[in-house]
Every structure is written in C-alpha cells, then in structure tokens.
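Taken in order, these protein sequences are the chains called S and L.
Heads up: the first sequence is residues 45 to 195, going by my numbering.
Heads up: the second sequence is residues 1269 to 1974, going by my numbering.
Some clues are possibly wrong.
Each computed BS3-like pair below joins lysine-lysine, with the alpha-carbon atoms no more than 30 Å apart [to be verified]: (1) S:K55 / S:K127; (2) S:K190 / L:K1819; (3) S:K189 / L:K1644; (4) L:K1456 / L:K1377; (5) L:K1866 / S:K189; (6) S:K127 / L:K1334; (7) S:K127 / L:K1482; (8) L:K1644 / L:K1334.
Listed next, the stretches of chain L that the computed footprint assigns to chain S, with coverage defined by at least 3 CB atoms under 8 Å from CB atoms of chain S [stated by the list, open to error]: (9) 1343-1356; (10) 1481-1488.
Hints were generated in silico from the structure; no laboratory data involved.
For glycine and all other residues, C-beta sits at the position ideal for the given N, C-alpha and C.
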Amino acid sequence: MPSYSFVLNRKPVTVEAPTDMPLLWVLRDLLHVTGPKYGCGVGVCRACTSHLDGEEIQPCVVPVADCAGREVTTIEGLADGDKLHPVQQAWLGCDVAQCGFCQPGQIMAAAALLKKTARPTDADIDRIENVCRCGTYSRIREAIKKASANG
Amino acid sequence: MARQLSRRTFMVYSLAASTLTLAAPIGCDTSSAEGAEAESARRPSDVLVTGTDAEMLVLEVTAANKVVVRLPRVEVGQGVTTAVAMMIAEELDARLADVDIPLADARAKGNQYTGGSSSVSSLYGPARELAATARAKLVTAAAKRWHLPPRSLRTRDTRVIAPDGRSATFGSLTASAARIHRPAVSSKPKPASRHRVIGRPTTRIDARDIVTGKAEYAGDLVVAEAQPTVVARPPTLGGKVVSVDDRVARAMPGVHAVVKVTGGVAVVAESFHHAFKARDALRITWAPGPLASLSDAAIRARLRAAVPRLGNPPRGSAQTEGEFEFAFVSHAPMEVLTAVADVRATRAEIWFSSQTPMDARESIASAVGLPKSTVKVHVIRGGGSFGRRLNHDAAIEAALISKAARRPVKLMWSRADDIRHGRMRPASHHRIRASHARGKVVAFVHSTASVSESYGQSGAAVQGGAIPAVTRAAGPLPSDSGLYNFGRVSGGSGSVELAMPLGAWRSVDSGTMRTAEEIVVDEVARSLGKDPVAFRRTTLRNKAVKAVLDKTASAGAWSRTMPAGQAQGVAVHEEYGSCVACLVEIDATDPKNPRVTKVVMAADVGTAVNPRGLEAQLMGTAIDGISTVLRAGLHIDRGAVRESSYADFHYARQRHAPLHFEAHIMPSRRDPGGAGELGVPAAAGAVANAYARATGTKPRRFPLNF
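Excised from the complex, chain L in its bound form (with noise of 0.2 Å):
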C-alpha cells in the first residue's frame, strides 16, 4: 500500500474582521504545510493585517448563521464540496443546510490544484482544525456571555446550547468570538469514534439546485453583457486559415463580429444561433494540419516502434506475453468548455471551469499582455472534466478573441470542437511478459510507449497558441509499486511526439497500464491453471488490497456457474494511497455487443468522508471502464478525428451500463486517501477479462468494438 500520510499539525489563523473568520494554510504534503506555518510565523501580519485569502481555507460564520468556506478547488462532480461541508459541520457541529462552499476566485499562491486524486487528502486536515477552532471560539465567546463555564456547553445544529437549555446560534455569536483569541475549550478536531457526519452517506449538498435546474455552469452566467461566440475550426488538427472571406457572414442580422484566432475564425453574435449560423456561412481556405498525411495504422506502428525492447527472460523460465493497443479517447465532458471573457485596456476578467485556476490566471495575463495582478479568474462549477479541465485552451482563447473584438464574449466550444479538437486520452502501446517457472512469477516486465505532444509552432497553434499547463501526472509509475510479488519488476518508456491536443484523462497512465497489466495477470493464471482470483490472493502484496479482492468475490458471487457466452472477470488496483477490486459479469453471447450486466467493486479509502460519494465515484470509474473497453475511442483518419459527437463517441448509454450495481467501503480509521480516479484501471481490466473468458478470446486492441 502506498505510504500513509503521517499526522501533521495545522495552524489556524485569525483574520481581522467583525465577523469571526478563520484561515488554514493547505498544502499538497507535510513539508509544504510545514513550509507555511514556518513562513507565516516569520510574517504573521501579513495575514493578519490583509485578512487576504491567499493560500488559506478561510471559514467565515456570518451574522446570518451561515458558515462560508471560500474553497480553492473546483466541483466538477466530484462532490468535494459536499465532503468539505461535512468535514466542516462535523467539527462545528453546524447543520450541513448551515454550510455554504462556494468556490474561491484564483489565487496569487498556495495549493489550488484539483486533480491527482487530491482534493479530501490535502483538505481533510485544514479543514477539520479551522472548524475546531472557530467552535472553540463560538463556545468561549457563548460562555462569556453567559457566565457560564465552557466546558458545561454543547454545540449542536449551527447553536450553543447551555444546560438550563438557553441557546445561541453561531451568526448571534460571531461578533464576539472574532474577539476571542485563546478558546477556553479544545480546539482539536474530534477523534473519529466520535463522527456523526463524517461516515455518514450524505446526498449532495447542490442535489436540489441540481433536480432544478438552478445549478448554474458558465454558459448560464449574465455577466458582463458577454455575447455568445463560437470558432469556426480547421478540418484537420492544428490546420490554419489561409484565407476568410466573411462579407456575407458579417452582414448577417444579430452579428457583432468576426476575429481570427489563431484555432481558425470567431464569431461573436446575439445568440448562440446567430453565431452557429454566421459561423457556417464564413468561407474559409484552410491549409492542411501538420498531421495531414497520418492516420491510425501509421500512428499504431511509430507506436509499436517506440515501445523499448524487453531484455531476456531469466534463464529456465516460461513466458505470458501480450502486446496491447489502446485508441485515443476523448474527455468528452458533458458541459462542452466554456468561458466568459472580458477584457479591458487595462484589467481582465474571466469565469470559467478551471481544475488550475492559479496557471490559467498567469497563462492569460500573458496571452493578452496584462500583468497577473490585473486579471480575475472566477472559477465556475464544471459540468464533468475526467481531467480536461486542467488545460484552459478555451479561457485563453476567449480572452484573445474579447480583447480582439474589444467586448466581452461568452465563448462556446461546439460538441464537434470538442470531440475533434481535443483534448484526448493519448494512444499507447504496451508490451507485457510475466516470466514463470516452479508455478510462481519471477520476472514480470512492462515497456510502453504513448503520443505526447509536440509543442512545435503548429502543435501550439491547435489550441489558441497556449501550452497546456499539465500533460500528465506526476509520480512513479503504478507499476513500479509492486503490487503482486512477481519477483524482478522492470519496464520502460519511449514516445512518439505529435502534434496532437493531449491531456490527462481520469487515471492517467494507470487507465491503460494497469489495465494491460490485469490482463496480464489473467493469462498468467491461466497458463499455471489457477483461478484468477486465488491467483491474485496469493501473489498480491498488501492485506488491504487482498481485503478488497475477498470482499468483492464473496460479494460477487465469484466463480458462480454462468451460461455460454457469459463470465465473470476481476481486477484489482492501488493508487493514492487506496485500493479497490473489482469484478464484473458480461454477456457477450453477441461478442459485438457485450453488455455488462453486474459490477461489484470494493475500496479501501481510508476515511471514507462521504460513503454515497465514493460509491458515486466507483459508479462512475465503473462506467469509465466499460466504455474505453468495449466500445469508446477516437479514430485519426489522416490528421483529423473521424468522430464529432455522442453519435459516434460511444461513450457508454443506459442500455450499456450494468443492470446491477454495488460498492462496498471497507471501514478504516486512517485518513482518507484519493478516490476519484482510482476505479477506472480495476473496472477497464474486469471488463476485458471477464470477455476474455466470456469469449475465450485475448483482448489485445481498445476499444474491442471500434
């Protein structure tokens, strides 16, 4: 199991203000929250004196009795504004209704990433302590009050609430506990036997502005008069305009105006219909992308190529050996990017979905030459990212093309500038060989290579002129953690570096990896004739993760009688400091059209701050896996994407997703771990197995139905 996160300590400030307001430093590990203790001990004042927000959580009560907890994260489905909000009225005792998470604008430092898995890990400590403390303070300032001791009050329901039964609400206590500078009480965090919301299955706290249609998306904002606008977009990726010819689009009725862009031509107009008509009537020259003259085959084989040689097997061993080919698979977030630009002579300001609000912040100050203090990012809910939106290219190029037409624009990308524009999972090769001998793996060795982006002129020219801040997590491969005692683990990696719009797709690496690996493992099973998962039980190295694979074959009904056609598959994974198994029934009686019809996965998370959101989240991987598996991938048909919508993205539909469904939490008392992503390789690797056994077939090439 990958390390534990070691007990930190947090330090919680207080900001000068009528109302009581608290601020917690976060960081992505222990050394960077040390780092900022260390760093605001030497210059308390300035956070004292400014009250700014800067690389703080900052929880306010207001005289209204609400508790406001600016969050620099953004919600993009997650659901991590609903586990800070339970993290926040645990250790207040406040009413979740009580507590409002809106999402804070970019900051000039501090930890503002959401991705990696990260977001409850860094959070749950700050988060925990700023509450504890602003509960001390409400206690002390409700004893004074009263003359009464603190330790003989309870706090409950967003009050304190004295034993003759007398109670305040926190908004009529704020005032006087922004004055209290040494509670009386503890301000510790409560240990977890004593949780009542933490643990808890909670709906989302946005559920009903969801079912309502209230939940608002950047597309939905007023703001700033801004006018819809979309790009008319080259045909292939990374061509350009040779030549426009927009007289009669610019004479149609509701048209502002037509700019070019470095992704091809704007049109900004009263409506979006105006603009998709204005945008279809441009008559545009366009010289072909760099990539004019490629196309899958050619791809596949520099891919192939660039995959290291494996070595020799150790001497007197047998070999499982596969090669395996994942596509390109697009993002494909339901709300299509979106941004709303507005940018002056002298000052920006942008609302957009941004996974790295503090990179794009400086990415656009740069593109439209303004320094970074002079540019507001206001970070907006996202309508699902699975990655895409650590990349801004549309709030890059929606600020070029307002300052271009000199007037705020909503920008819009279409479905089809999505899917064909990108961004996208890269196309990988995988060459895998366990080394067998005496029944036991003694050898087992993974090389691979990926597309990675070429940031040449025409690479930067696909997506507005912006580099893309994150291409790929960091961090060792899964591979190398040792998951299974295989004996010498070993691997490698080459690239085939194209101009191609590529990011960061739920899981990164691990998506394709692992899932190639879990193959792997099936056959290796098979050629010792053992059961996949006793197989795995024996050879895995961690109890918890042994634990997850037990939980999900009892669970599952493992290696129960199935007719022909039909089969069960497993896999397992461990990432972020959690683990998770998963199996799956198939019926691929129809191996062109395979349907999952059961999925039973397992985690181990560590704390599991909100189990009907890591079960959402399992959900979710779940479906991530049978798509990519079975039937999700974008084709490259000389320099261009062939697919452009849902219609031949096919991205999986209710008639593809298991008819039954369950998650099972383990119970932990450590701190949480990341869970997001974590599914995806487990759900991908028993979906190919379970049709591998189905079929009888070895799945080498994905999506199997493409």
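Extracted from the complex, chain S is given alone in its bound form (with noise of 0.2 Å):
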C-alpha cells in the first residue's frame, strides 16, 4: 500500500491509503478528523470543502496522492488555537447554523473567498455553490460581510 505525508491542520501526517482514495475517506475514516462532512461524494453539495495549500478544495474528488507534500486545513485547523478565526467569528456572532452539517464546508469556502477578495461583493458571494439544506443563506452572506469588515 503505498504511503502519503502531507501537512494536516499544521502538523505532519503520513497514511497508508490506495492511491484514489479521496482526501475525505482519509481524514474520516483513517484520521479520525471528522469535520470535513460527507453530502454527495460528487464535489457538488461542498459540505466537505477543504483547503489545499490555501486553496479551496473538495476532499471527496481529490485523491489522496494529490495532496502528498502539501498542506491541509480543515474547518479544526482554520482556528489558531482557542481563537476563532474571523469567518468563525462572523458565524458565531450572525447565529448562521441550523443543522450546521454543512457549516464547517461553508466556513471554509467563505475563510477561501475573503483570502482572494477581502471585500467580497454580493455578486461574489452568489457565487458560492455550497448547499445549505436548512436556507440559512441570508445569514451566511451578513456574516461574510461581517468578516469581511473585521478582517
């Protein structure tokens, strides 16, 4: 079985994984991190979303090989200890999450967005795909807003 490193929420981890093993099985089922969420399997629900090296990304279409040698954060490592990131900041102050099953995915499209365009439009904002099933989309754009003029 061959073996992948990378960096996971700012430390070194090595697994032993098939090499189309997506990211999300990874961090689910072999590292126990479990914030990342399962909705679809197909990138498009982006309750999963993830960054890679800084980027947004969607762990249950990248393979595992992919991400050898790079960094991945997710929604437990976007926080710098006890302190909440911005964007978490603005989720918890706007009350944003119902279910909150798509909230870590959500919170990490909306921490990607603002390190590209700190002062996100709310044509910007439309263009987030990710699926929020309970609505909470209104929400969601004032605490992007908000984060955005704290940030």
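Build the complex: two chains, separate frames, hints provided.
Encoded structure:
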C-alpha cells in the first residue's frame, strides 16, 4: 500500500492508503478528522470543503495522492488554538448555523473567498455553490460581510 | 386562530438521588398531561424507586454545577435544545452556558415524538415547572445552610446569593437540595413580565461546536468498532436482486463482508472508499420494481382522475378556478441517512438521528427478532430532517446488515441512495374553485388527490422491509380552519396508491394545499378588481392573521412601484396555533431564471422563546418556498427517480436566496404555538404569486422551471 505524507492542520501526518482514495475518506476514516462532511461524494454539495495549500478544495473528489507533500487545512485547523478565525467569529455573531452539517464547508469556502477577495460583493458571494438545506443563506451572506469588515 | 392552549398544572417529582434530580411528565396536550399525573398519583413509588426517566423530562443539578436535562426530542437544526436550555436557565436563574441538553435514549413510554412543530409548545410548561421547582429547593437548601429566611435569598448565574453578599453555587447545594421535600419558597414559574432569558434573541448553545467542527453526527461517532457500510441499490424503485456475483468484490482489499438485504446488497469494509469501490464491483442482475412501466405523465393523469368532483357552484355565482400540480420533492437533508448498529445474539444497540425513537426501537426489535427490552436506541443530533427522520429505514437496514454480517456496522446511504430511493413528498393534484357574487366569495371548494404509499410486498421491499412509522401528520386539513370568510368551504380528497417510499415533508399537506389556495386567493382578488393585500385584509377571519399581514405589507412596502418583469407577492398561513405572512419580491425578467430578491415575513407564534431561532426557522421556510415553487422537484422515469444529487435536484443555492431577508415577530404573552413548519405555505404562496404578477402568467405546475 502506498504511503503519503502531508501537513494536516499544521501537523505532519503519514497515511497508508490506495492512490485513488479520496482525501475525504482518508481524513474521516483513517485519521478520524470528521469536520469535513460527506454530502454527495461528487464535489457538488461542498459540505466537505477544506483547503489545500490555502486554496478551496472538495476532499471528496481529491485523491490523497494529490495531497502528498502539501498542506491540508480542515475546519478543525482554521482557528488559532482557542482563538477563532474571523469567519468563525462572524458565524457565531450572526448565529448562522441551524443543523450545522454544511457549516464547516460553508466556513471554509467563505475563508477561502475572503483570502482572495477581502471585500466581496454580493455577486462574489452568489458564486458560492455550497448547499445549505436549512436555508441559512441570508445569515451566511451577512456573516461573510461582517468577517470582511472585521478582517 | 387555532385553539389557545389551556393553562395546565404539571406535577413535578423528586427522584431518589444524591444530587437534586427532578422529573416532570410531558404530554402532547392537556388530557395526556393530566393522565400521566393521575397514573403517577396511583403509583408514585415507581418513579421514586426506579428513578427511571421514562415519560419524564428529567433535570439534574450536578456537583460540578451543571444543570443537565435529558431531552426526549431530537435536535435536527430546529433549535429545540437551545429553546429548552433557555426555559431552564430562565426559571433556575442559571447561566445558559451551565445548562446541558443531551438527547435522551429511546424510552419505553411517554411522548418522545419530534414533529408537527410541537416540541416547544409541549415542553414549555413542564420544562419551566421543573426548573422552578429545582430553584425553590436550592434556595431552601441555602437558607438552611446559612440560617437565613429563604425569602431573603436571590438566585443568579447558577448561584444562590444572600443579602450579605455570600453566595453558593447550585452544584455545592445539590446534595442538600435533594433532601428538601417541601420548598420554603414558591416553586411556580415566573410571570412573563419577569422573563429575562425567554424572549431574548439568543445564539444556539451548540454554535461554537458547529463552527469548530466538533459537533458530532451519527457518521462521526467512533463506537462499537463499527465498520463503514454501503448498499448497492436497484436502478428502479423497489427493484429486486435476481442474482449477485460478488467474487470480485469479496476479493478486494479492505472488504469485510458482503450480505444480501431486502433493499439490495450491502458491503462492509474498512473505509467508505473501500466500501464504495467494492459496491461498484458487484455484478448484480436486478428485476425491475413494480413501477417500471410508470412515468410522470401517467402518474399525473391518474392523480387528475382521482380528484373528487367539485359539485355545482351556487346559482348565479361567477367562478375563479384553477388546477394545480406539485411534483415529488426529496427531503434531501444535508446529512444522508446514517446509522450505527451493533446487533448481537441477545441484544442490540443502535445510534442514529430519529424523530420517532420509540417506534424505531420497536421496529428494529421486531426486524431482528429480539425483545424490545434488549434493544437500546441512542438518539444522535441530525444534519437536517424536514420530516425525513420520522422514518427509520436506514436504522432497520443497518440492524439487519449487522445481524447478517455478524459485526457492528456504520451504514451510510449515498446521496444518490437518498434522492433515488426516497423518501419524498408525494406528488399531488388540486382542483380549486372560488365562487363569487356581488363582490364576495360565497363558496370555496378544494378537492385534491395525492400519491399514497402502498404497503404491498414490493412497496415494503423498497425500504428494507420496513413499514414507515409516519406517513402524514394527523389533524384536520388546514383549509377546514376557515382562514377566510369564503362562505361555504368544502372539499374532498382522493389518492393514488403506489409502491413508492413517501414521507411527511416539512408542513406536510399544507405545503401544497395552502400554497395552491393562496394562489387562488390572489386570482379571486384580481377578478374582483381588488388588491391582494386589501382583499385578504377584508376577508381574513382572524385578527392575528390580519396583523401579521399588515406588518408584512408595511415593512415590505407593499405595492411600491417596480420595473417591468419584477413584482411583489404575498400569502398568509395559519396552523399549529400560530400564523404568518410573507411578502416576496421577485425579478422574473428572465422567466426561466427568476430570482427572489427580497423576503419579508411576520409571524405570531405566541411567546417566541428564542426570537433568533424563530427567525432562522422562517428563513429556512422561505428557502423551502423558493425551492419547491421555482426549481426543486423529482421526475419519475419508468419507475425510477431521475435525479441523483444536488446537481439535478435543484434545491436553492446562495444565488437563488434573497439578497434581503427580514422577519418580524409579533409580541405576545400567549403560550408558544408551533413554528418550525409554519412558514412553508406562506413563502411558497408568496413566491408563486409574485411570479404570477411579474410574468402575467397563472402558475399551475410546480416546480415552475423543472
């Protein structure tokens, strides 16, 4: 079985996994990092959204082999210890979550957006594809704007 | 307005324990609460001796100064744990952060049903009585310790405070409070005028866990060494395995077991990656399901034919008529159905998110052939539900797989399983006629037909041999409530029985029936030459409904001038002892790609325990209305669901959500009504009405862009 090393939430990890094993299942089933959620397995719902070298990815469609030697950040690694990331803080401030299942992905998508576009417009926010079945979109929009203003 | 809940008296019991532990019975309504009381009065020792939490809401104050209430409900995003924590914090004068609300395991008796928007109204009395009694005992215990008059003591921040400034945590008093039988201060809940927590917008108690990824759902649990499991399912609904060649799959690395189940072929493996790969390597010959010759057009024709006749309109009246069709809709909660099952020869343990854990326990016990008493069901928070977790298909299936494979399993339905194999809101057909004379509606008739689930052998097979516990909520049709002064209101309903996995979808029949009716109300107004808001205002029966309509109309600037292709629409709804109005603005310049740009809602739900949570529920129902009216539905092609993910089941994304949303909550001192489902019909109706006004069309078949 091939072995892959990468940095996960600032710590080096090595896993033995099939080459084509999606990062999502490496995280969830091998490393027990369960913040990234399965919602579709085909990169559509984006509940698993995480970062690879700081860029947004959907781990359900990224093979572990593509992550070798790179830096993976999941929702668990977004905060700096107990100090929440401004996006997480804004999510709390706006009480965005309902069931919460899509929110790790929503937060990671928002953090990636703000990194590229510090002052996103409504059109920029509209381009976020992550599904929220509870329909928290208005609070997500509000929280992104709040994080942008505070960031 | 629906009936006002009567004032009730709740008995609160002390449970034998070394910490202060109290229990209050909960019932759905006055009669069952009184029944529980009477029964317990006859056999009080049962409760005191066993300390069982069956049928009880149980509160414990721990020595670590935590207030723990095991809740016989499930949290699926609706915010019930936060609402109950607020009720408890209010009456105990505890800090909200000191209140924990774990979900209770399945019980043997009592009301453990999460549905019908009933949780807050059923818990509001018992939870406050319970906490108020606990507070009285804690104060009494402190008074004894300090030799002070009990009435001189105050409570605040999970502490009892003496006039001289001394204070003691509840945790430090719990052992002595447990020995207090007769509190020396009042154990009655506070009057609403003294509420400091109830009614104040409050952030969810689990918000931090959610934003840090710590919140655990069934699939995140590490229990019983359960192994990832998926099921290969038939291409058609209710299809059957004819033969399976699993040699390749079994030989694949990481595969633990392959077992045949009613719904298909299950693979247990060391990871979900291994399980999916092996599932895809199975060579299965399928027999088509019982609906293999049936597609949407035929289902629609059968529904239309099943709608009872409307009868003759009153003589001399003019008619406004409409026929409406609603497609099947998936619940599609973000968290797919997931259940951990550990079934042994003499016992079973199951972990999953359930709105009906007591029924689930019985069904699972009977499915695996064990006595109910040996089956333990742990209720886990759910990633959304919308009615989907009323049924426990996946838990029964997981138990059967665990039994057959002789190992603990973590079963997960794929998203394609979820969308293609149900459950779904049934498709329906509606025929509505409003008869008017001299500018007034004198008769209103609404006949409907919907698909209902047949439980023949083949129908049951679709869901792992399980008969669903709940297919639709009981109660009168909302149209019977006499929302409007429309003279004689009548109707009938028919059904087309099909072996399809159906289920109650948020707001159940109201989501289609009341939506269609609100469209007709707009069309009647138009034919009478009246403004839709003005017409409703003069024909609505109830003051509270008029008030939410007025609030929405003024806050949403009703009838403001809008560019061509854009319009406003309104609708109202009344149910669960609550009422709501919704105003939307739509940009339908491109009718194939409309955008709801603004939503304004106003609701009267009686006491809004957590206004911020209520606003969230209304926001969610607005998105449900937008989705089901404009884009989200399922097609049936030759006995199979065409859609298989969010790529083709078009539930709204951020770009379909309103740029502006506001909710207004009417002040009220009434006991709480229901709120979780309330907004769906009003939002759906308002979206349809806005679309009609923006495009000059009469919307008839939903979703409109399908």
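* To do: Kindly indicate which numbered hints from before are broken by the structure, ordering the numbers from low to high.
  => Hint 3 contradicted; others consistent.
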